[in-house]
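Enquirer: Could you slot chain Z onto chain A? The hints should help.
Sequence order for the protein chains is A and Z.
Converting from the first sequence to our numbering requires adding 1 to each position, the first position being numbered 1.
Converting from the second sequence to our numbering requires adding 18 to each position, the first position being numbered 1.
The set of hints was computed from the structure by calculation and includes no laboratory data.
Keep in mind that this is a model prediction, so the values were computed, not measured.
The beta-carbon is built from N, C-alpha and C at its ideal position, and this holds for glycine as well.
Treat the hints with care, since some could be wrong.
[What the hints assert, rightly or not] One side only, chain Z facing chain A, incomplete, derived with CB under 7 Å:
#, residue
1, Ile65
2, Val68
3, Leu70
4, Ile77
5, Tyr180
6, Thr485
7, Leu490
8, Gln521
9, Leu545
10, Leu548
[Unchecked claim] Below 25 Å or equal to it, Euclidean Cα-Cα: the simulated SDA-like pairs (lysine to any residue) are:
#, chain 1, residue 1, chain 2, residue 2
11, A, Lys221, Z, Leu57
12, A, Lys234, Z, Leu58
13, Z, Lys122, Z, Ala273
14, Z, Lys364, A, Glu22
[Claimed, not checked] Restraint ranges, calculated between C-beta atoms of paired labels, are given here:
#, chain 1, residue 1, chain 2, residue 2, range
15, Z, Trp316, A, Glu279, 40 to 46 Å
16, A, Glu279, Z, Pro86, 38 to 44 Å
17, Z, Arg130, A, Tyr34, 49 to 55 Å
18, Z, Phe405, A, Tyr34, 26 to 32 Å
19, A, Glu279, Z, Ala183, 40 to 46 Å
20, A, Lys221, Z, Gly524, 50 to 56 Å
21, Z, Val402, A, Pro15, 32 to 38 Å
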Amino acid sequence: MNKPATAALIFARPTPAKRAEKGVFWLLRLSTYFVLACAVFIFLDIGIKGGAVVFQTKAPFINVPFLTQSPETLNVVELDGQKVRMGDHAFREFKEKNPEKLAGVAVETYVYSAGGIFPNIVGTVLLVGGSILIALVLGVLSAIYLSEYATDGAFVRFLRLSIVNLAGVPSIVYGLFGFGMFVIALDFGVSLLAGWLTLAFMVLPIIITASEEALKAVPKGYREGSLALGATKLQTILTNVLPYALPGILTSSVLSIARVAGETAPIMFTAAFVVRDELPWQVKNATDFLFQGVMALPYHIYVVASKIPQNEYTRDVQYGTAFVFLFTVAGIAMTSIVLRARLRKKYKW
Amino acid sequence: MPSENATATAPGRVPTRQALLTKRGGWFFGLTGEQIAKLLFQGNAAISIVVLGLITFTIFRDAVTFLPQNQDNLRIYRLAGLEFVDILRGQVTEHSTLSRYLLKIRSDEQQRLSKAGQDFAAVNAQLAGFDALANTFADAALEHETILGEMTDHVSAVKDRYTVASDLMQARQNLLAAAAQDPARAATLQKQAEAYEIEQIDFTAEIAPLVARRPEVQAANQKLELALQQATASIAQLTDANQRLALARFQEHLATYRASIASTEERMLAWDQAKPVGWHESLSAFLFGRRWLTASFWQDWYGVIPLFMGSMIIAVLALSIAIPLGVAAAVYVNQVATSSEQKFIKPTIEFIAAIPSVVLGFFGIAVFGETLRRVSQVEWLSWVPGFPMLERLNATTAACLLALMAIPTIFSLAEDAINNVPRSFKEASLALGATRLQTIIRITIPAALSGIMAAILLGFGRVVGETMVVLLCAGNRIEIPDFSAGLGAIFQPVHTMTGIIAQEMGEVVRNSIHYRALFMVGVVLFLISLLINWLAQKIVRRYRISIG
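Isolated chain A (complex conformation) (with noise of 0.2 Å):
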C-alpha cells in the first residue's frame, strides 16, 4: 500500500473555509436550478394538459377542428344518464331534430367551450405582422441614423433619453395612450390599426437600442475602407455596414415579435374583440379591413382564464389556448436565442 504524500493529505482535508465554501456554492447552484425547475415546470403543465387537447392518438393526430374552427358556446345535455357536449350549432340541430328529448332536461351552458380558436389565431398573425412591420421600418431607420449620421448634441442627447424612457414605461400605460390617441382622438375606434400603431409604439425601443447596438458592433476598419475607395456614405452604410449588421438586427426583431405576440394589456382596448364572428377579411370596403377589431390569443386567453369556471367541460379551451399561444411565443423566442447563438459565432471580428 501507498501512504499519500504528507502535503498532499493536509491540502485534500477540507478546511473549514473550504467547507464554507462548497456549502455556499451549493446553495447557488440549487437556487439557479430552482428557478429552472420552476419554469420547466410551467412548461411541463400547460404542455402536457394542452398537448392532448391538441394532439390526439388517431390520425391525423392533430385536433384539426380546434384549430380551424371559430369559438362557440359549450352545451351539455344530461342524455340517457350520460353528458352529452355539443357545440351551439350542433346543439341547435339537435333541438330541431329530436325536440322531444330535450323536454325537461336541463342543459348547462359554457361560453366559448367549444370550436376553435381559428379567428384568434389569425387575429394575432395580423396584430404581429402588421405592427412588426412598421416598428421595423421606423426602428432600423433610426437607429441608422443614431449610429451613423448624429453626432453628440441636444437633439441626441434627448433622443437616446427619451427611448431609454420608452423602454421602462409599462405596458398598461401604451394601452392609455393608444386608447386616448388612436381609439378616441383620432377616432379609430377599437381597430386592427389602433392596436398596430400601439404595439409598434411599444417595441420601438428595444428595436432602437438593439440595431444601433448591432450596427455599432461593426468594425470602424470596415467603413474607413469603403469611404477612403471614394464610395459615399449612403453607398457605405448600404454596402459595407447593414450586410453585417443585419443578422443582430433580425435577432432583435424576432425577440420583439415574441414581446409583441405576448402583449395582452396594450391589445384590451385598443385592438381586441372577445367574440367577432366575421374572419378579419370578410369586410365589405376594402378600408373596413384596417378599421375593424380581431380576436387574439393572449385576450382569448384572459376571457376564459378569468370569465368561465375551471372545470372539465371548460378545461379544454383553457389549456388547448394557452398551449398554442405559449409554444408559438416560445417557439419565436427559441428561434431569436439560436439564431443569436450562431450568428455569434459566424461574425467574429
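Expert: Relative to chain A, chain Z alone:
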C-alpha cells in the same frame, strides 16, 4: 454619369438607384440623394421623440381635467351636506364596530363554556349580565342611528335632485349647441330646450334644517355619554384570562371612542358648507385618498392609496423572492458553473422571459393558486401567519408568479454587471490567498454592486408595470390590506394600479370623472417608471466612474 443638373426636363432620366447614390445632385427639391437619405433617417429618429411627446401629451391631457372634475365632485359632496352627515356616520360606525366586538367576545365565551361541558341554558344564564351590558351598549346609539338615517335620506334626495338638474342642464346645452349648428331646425330645438324645467337648488336653504339638528345630536350625545359611563362601570365579570384581556382591550377602545365623541361634535359645529374646495384638496384626495369607490349611490371616491399599496406589496414580495434567486443564479453562472452549464443555464433563464404574462396568469388561476391554498391548509404549517389562506387568489399568489418574470431581468443584468468586473480584481484577491468564496463576497459582488442595484431597480420596474398576472391572480379587492393581521396581510387579496386600468377602462363612460381618474393612475405609473429609469441610469453612471 448623370448631368450636373438632372431635373425632370433632362431628356435621359437618371436611374433611381444612381440618383440616390450620386454625390452631386439637386434632383429633388435641390437636395442630393445623400441629404435625402440623411433626412429620412433623421425624420424617423424624430418620430420616436414625437411618440414620447404624444404619449406624455395624451395621458396627461386626459388626466389633468380630472382635477377640476374631482373638485366639482367634492364641492357637491360638501354643498349637499354629505360631508356633514359623514361626520356623524363616522361616530355611529365606530359604535357599531365596538358593539360587534362585544358580540365576538360573547360568542367566544359561549364556545369556551359549552366546551367546558355546560348546556345551552346554563351558559345563557351565566352570560345574562354580559348580555345586558351588550344590549345597553347597542341601544345607546339608537337615537343617533335614527338621526343619521333621516339625514342620509335628506341629503341623498338633495343630491339626486341636483344630479337630475345638472343632467337636464347638459341636455339643454346640447340642444342649444345643435340649434346653433343647424339653422333649419333651430326654432324647434330651442323650443325643446326651453321646455326643460330645470330646478335651481339652493343648497344653503336645503341643508339648513340639517344644520339645525346639531343641538339634537348634542343632546343625544349627552345621553350616550351617560349610557357609556354606566357600561364602563358594569364591565368586568368574566373569568377566563383571555376574555378578560379582550374586555380590557374593549375598554381601551371605549375610552378612545368616548374621547372622539366630543371631537365629532366639534367637527360638526365647525363644519362650514360655504367653505370652498381648493384644487389642491382635489389633488390630495386622489394622491392620499384611502378609498377607491366608484358607482356608489352615496359618494364616489378616487383615492389611489389602496391601489398603490397593492402594487407595492406585490412588488416588494415579488422582489424579495426574485432578488435572492436572480442574483444567486447570476453569481453561480458567472463564477461557479462550468462552461457547459453556463451555455445551458443562461439561455434557459433568458427564455423564461418569453413566457407571456397572460399564460403565467392563467397558470396561477388554474394550478398555482389552488396548490398554494392546499399547502396552506396542511396542519403543521398552521404556525405561519395568515395560514390557512382565506382566498385562493391573493397578493402572494401574484407575487410568486411575478417573481418568475422578474428573475430573467435581474439575472441577465446582474450577470452582465458581474462579468464587467475587471479580471485583475479577482486575480489580485486570489493571489493574496483568498478563497473563491471570499473573492466573490468581498471583491466581485461589491465591485458589481451598482450594476446589480440597477438590475434590481429595473426588475422592480418590470414588476410594478406588469398587468395580466396581477389582474388574474391578485384577487382584485380594492382595499388597503389589514395590517393588524401582521405578516398574514400578504395573503389578502389586493388590487393594483395596472390592474384597475385594465379592469375598468373597458366599461367606463368616456370623459367621465372615472375615466379621467384611470388616466391619473396611468400618469402615476408613467412617473414611477421614469423615476426608476432615471435612478437606474444614475447608479450605472456612477459605477462606471468608480471603476475608472
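Enquirer: Does isoleucine 77 (chain Z) pass the interface check with chain A, least Cβ-Cβ distance below 7 Å?
Expert: Cβ of isoleucine 77 (chain Z) sits 6 Å from chain A, so the hint holds.
Enquirer: Classify the hint on glutamine 521 (chain Z) as holds or violated, based on whether any CB of chain A lies nearer than 7 Å to its CB.
Expert: violated, 10 Å
Enquirer: For the pair supplied as a hint, lysine 221 (chain A) and leucine 57 (chain Z), is the alpha-carbon distance within the 25 Å limit?
Expert: Between lysine 221 (chain A) and leucine 57 (chain Z) the Cα gap is close to 23 Å, so the pair holds against 25 Å.
Enquirer: Go through the hint on threonine 485 (chain Z) and say holds or violated, using the shortest Cβ distance to chain A against 7 Å.
Expert: Holds: closest Cβ of chain A sits about 4 Å from threonine 485 (chain Z), inside 7 Å.
Enquirer: Report holds or violated for the interface hint on leucine 545 (chain Z), using the least CB-CB distance to chain A and a cut-off of 7 Å.
Expert: Where the cut-off is 7 Å and the nearest Cβ of chain A is about 10 Å from leucine 545 (chain Z), the hint is violated.
Enquirer: At a threshold of 7 Å, is the proposed contact between tyrosine 180 (chain Z) and chain A supported by beta-carbon distances?
Expert: violated, 29 Å
Enquirer: When you take the CB atoms of valine 402 (chain Z) and proline 15 (chain A), is the distance between them in 32 to 38 Å?
Expert: holds, 36 Å
Enquirer: Less than 7 Å between beta-carbons is the criterion; does isoleucine 65 (chain Z) satisfy it with respect to chain A?
Expert: holds, 6 Å
Enquirer: The hint says 50 to 56 Å between lysine 221 (chain A) and glycine 524 (chain Z); measuring C-beta to C-beta, is that right?
Expert: holds, 52 Å
Enquirer: Quickly compare the C-alpha distance for lysine 122 (chain Z) and alanine 273 (chain Z) to 25 Å and report which way the hint goes.
Expert: Given that 25 Å is the threshold and the Cα spacing comes to 19 Å, the pair holds.
Enquirer: Quick check on a hinted range of 38 to 44 Å for glutamate 279 (chain A) and proline 86 (chain Z), using CB atoms only.
Expert: Given a distance of about 43 Å, which is inside 38 to 44 Å, the answer is holds.
Enquirer: Restraint: leucine 490 (chain Z) near chain A, CB-CB cut 7 Å. Satisfied or not?
Expert: Interface hint status for leucine 490 (chain Z): holds (6 Å vs cutoff 7 Å).
Checked against the numbered hints above, the structure violates hints 2, 5, 8 and 9; every other hint is satisfied.
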